[in-house]
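A.B. asks: Construct all of the structure, not just a fragment, from the sequences and the given hints.
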Amino acid sequence: MSVDKKMYVLVVDDFPTMRKIIRNLLEQLGFSNIGEAENGADALRKMRDTAHKFGLVISDWNMEPMTGLQLLKEVRADNGLKATPFIMITAENKTENVIAAKEAGVNNYIVKPFNAATLKSKIEAVLGPIG
Amino acid sequence: MNQSVPKPTEGKLLTREQVTSAITTLMSKISTQSTTVHEKVVQELFDLAAQIDALYAELSNIQPSNLKNGEIKTAHDELSAVVQATSEATFLIIGEAEKLEKLSKDLPEAGRQAVVDSVTRIYEACGFQDITGQRITKVVRTLKTIEERVDALIQTLGGQRPSAAADERQGDEALLNGPSMPGQGISQDEIDKLLGF
Numbered sequence: 001m002s003v004d005k006k007m008y009v010l011v012v013d014d015f016p017t018m019r020k021i022i023r024n025l026l027e028q029l030g031f032s033n034i035g036e037a038e039n040g041a042d043a044l045r046k047m048r049d050t051a052h053k054f055g056l057v058i059s060d061w062n063m064e065p066m067t068g069l070q071l072l073k074e075v076r077a078d079n080g081l082k083a084t085p086f087i088m089i090t091a092e093n094k095t096e097n098v099i100a101a102k103e104a105g106v107n108n109y110i111v112k113p114f115n116a117a118t119l120k121s122k123i124e125a126v127l128g129p130i131g
Numbered sequence: 001m002n003q004s005v006p007k008p009t010e011g012k013l014l015t016r017e018q019v020t021s022a023i024t025t026l027m028s029k030i031s032t033q034s035t036t037v038h039e040k041v042v043q044e045l046f047d048l049a050a051q052i053d054a055l056y057a058e059l060s061n062i063q064p065s066n067l068k069n070g071e072i073k074t075a076h077d078e079l080s081a082v083v084q085a086t087s088e089a090t091f092l093i094i095g096e097a098e099k100l101e102k103l104s105k106d107l108p109e110a111g112r113q114a115v116v117d118s119v120t121r122i123y124e125a126c127g128f129q130d131i132t133g134q135r136i137t138k139v140v141r142t143l144k145t146i147e148e149r150v151d152a153l154i155q156t157l158g159g160q161r162p163s164a165a166a167d168e169r170q171g172d173e174a175l176l177n178g179p180s181m182p183g184q185g186i187s188q189d190e191i192d193k194l195l196g197f
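Chains as they are written, first to last, in the working numbering: chain X, 1 to 131; chain H, 1 to 197.
Some clues are possibly wrong.
Unchecked claim - Between beta-carbon pairs, the in silico distance windows are:
no.: 1; chain 1: X; residue 1: 121; chain 2: H; residue 2: 149; range: 43 to 51 Å
no.: 2; chain 1: X; residue 1: 94; chain 2: H; residue 2: 171; range: 45 to 53 Å
no.: 3; chain 1: H; residue 1: 99; chain 2: X; residue 2: 121; range: 23 to 31 Å
no.: 4; chain 1: H; residue 1: 152; chain 2: X; residue 2: 82; range: 41 to 49 Å
no.: 5; chain 1: X; residue 1: 131; chain 2: H; residue 2: 141; range: 38 to 46 Å
no.: 6; chain 1: X; residue 1: 117; chain 2: H; residue 2: 172; range: 50 to 58 Å
no.: 7; chain 1: X; residue 1: 49; chain 2: H; residue 2: 102; range: 25 to 33 Å
no.: 8; chain 1: H; residue 1: 79; chain 2: X; residue 2: 80; range: 37 to 45 Å
no.: 9; chain 1: X; residue 1: 103; chain 2: H; residue 2: 77; range: 38 to 46 Å
no.: 10; chain 1: H; residue 1: 103; chain 2: X; residue 2: 117; range: 17 to 25 Å
no.: 11; chain 1: H; residue 1: 79; chain 2: X; residue 2: 16; range: 15 to 23 Å
To be clear, the hints were calculated from the coordinates, so they are not data collected in a lab. Using N, Cα and C, we set each Cβ at its ideal position, and we do this for glycine too.
C.D. replies: Right, here's the structure in full:
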């Protein structure tokens, strides 16, 4: 079964350029409902306040006032959000980072710089074939 | 009289006066015993005190003030401007790539796919701005730390904050300052007006 491309995807990054790049790549993959947040706190607020549920979160790590890892932990601790698929996309590429993210419950991890094929394959690994 | 030798608190140097006082106190204790060895030790301590005094004077006269007032701040601002400028340029590149992607919808399938593939490569390549931005931000943070340490050093050396070091370049050389910081310099329109174009 293919991924529902009408699902809401939340892109979280403090660099507007990176949000735009990920958004454009997601649109190329066929996703049409894409939201943006500029840090973890902004993302958490949007996830809690928006009427619709996000089917996927793609988040940077290094942001203020709430990092991607903190956001992930908050999401996993929230009964209403805990099942949300979460992909970390970051320049933090040390082993301890990946382990920390895994322990916090990340579904996949992309290291920047990345390419469109990597983004697609990681989304498919989490959600299933995009088609 | 029993004078105690001052000890530096964590993260803070002794002042010049405190160092001198500490050595003088130490010497007064040793000099009460008049052996040849102790006289040598006292002389060594006097020499050491003189050298420390000279070092403090040299530091306070030259390096810290220049670093504090000029170079570090300039480097900090220049790097922040690099992040801003590359961000704006990258946004522009992505915006133009988006236009090409939309225009490609009117092309035959083979041509359309080729354009989309190229646009995708452009998006991927534009990710450099995020990476360079993060690296520069780290450097800016380091500079900030150095600036704070230098500030503390200046205060330790007497709290003097001399004015910025004068630019000693002359003639054409003095005109070479690189791009202006945002808000400084004048616009193309202002240049045209100035030149009467």
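A.B. asks: Run every hint past the structure and note whether it holds.
C.D. replies: Evaluated hints:
Range check, residue 121(X) to residue 149(H): about 46 Å between beta-carbon atoms, so the 43 to 51 Å window is met. For the hinted restraint 45 to 53 Å between residue 94(X) and residue 171(H), the CB-CB distance of approximately 51 Å keeps it satisfied. Remark: the range hint 23 to 31 Å for residue 99(H) to residue 121(X) is upheld by a beta-carbon distance near 28 Å. Taking 41 to 49 Å as the suggested C-beta distance range, the pair residue 152(H) and residue 82(X) conforms, at roughly 46 Å.
Distance hint check: the CB atoms of residue 131(X) and residue 141(H) are about 44 Å apart, consistent with the given range 38 to 46 Å. At roughly 52 Å, the beta-carbon separation of residue 117(X) and residue 172(H) lies within the given 50 to 58 Å, and the hint holds. The hinted range of 25 to 33 Å is satisfied by residue 49(X) and residue 102(H), whose Cβ atoms lie roughly 32 Å apart. Judged by the Cβ atoms, the range 37 to 45 Å given for residue 79(H) and residue 80(X) holds: they are separated by roughly 42 Å.
At about 40 Å, the CB distance of residue 103(X) to residue 77(H) agrees with the hint of 38 to 46 Å. At roughly 24 Å, the beta carbons of residue 103(H) and residue 117(X) sit within the given window of 17 to 25 Å. For the pair residue 79(H) and residue 16(X), the beta carbons lie near 19 Å from each other, so the given range of 15 to 23 Å is met.
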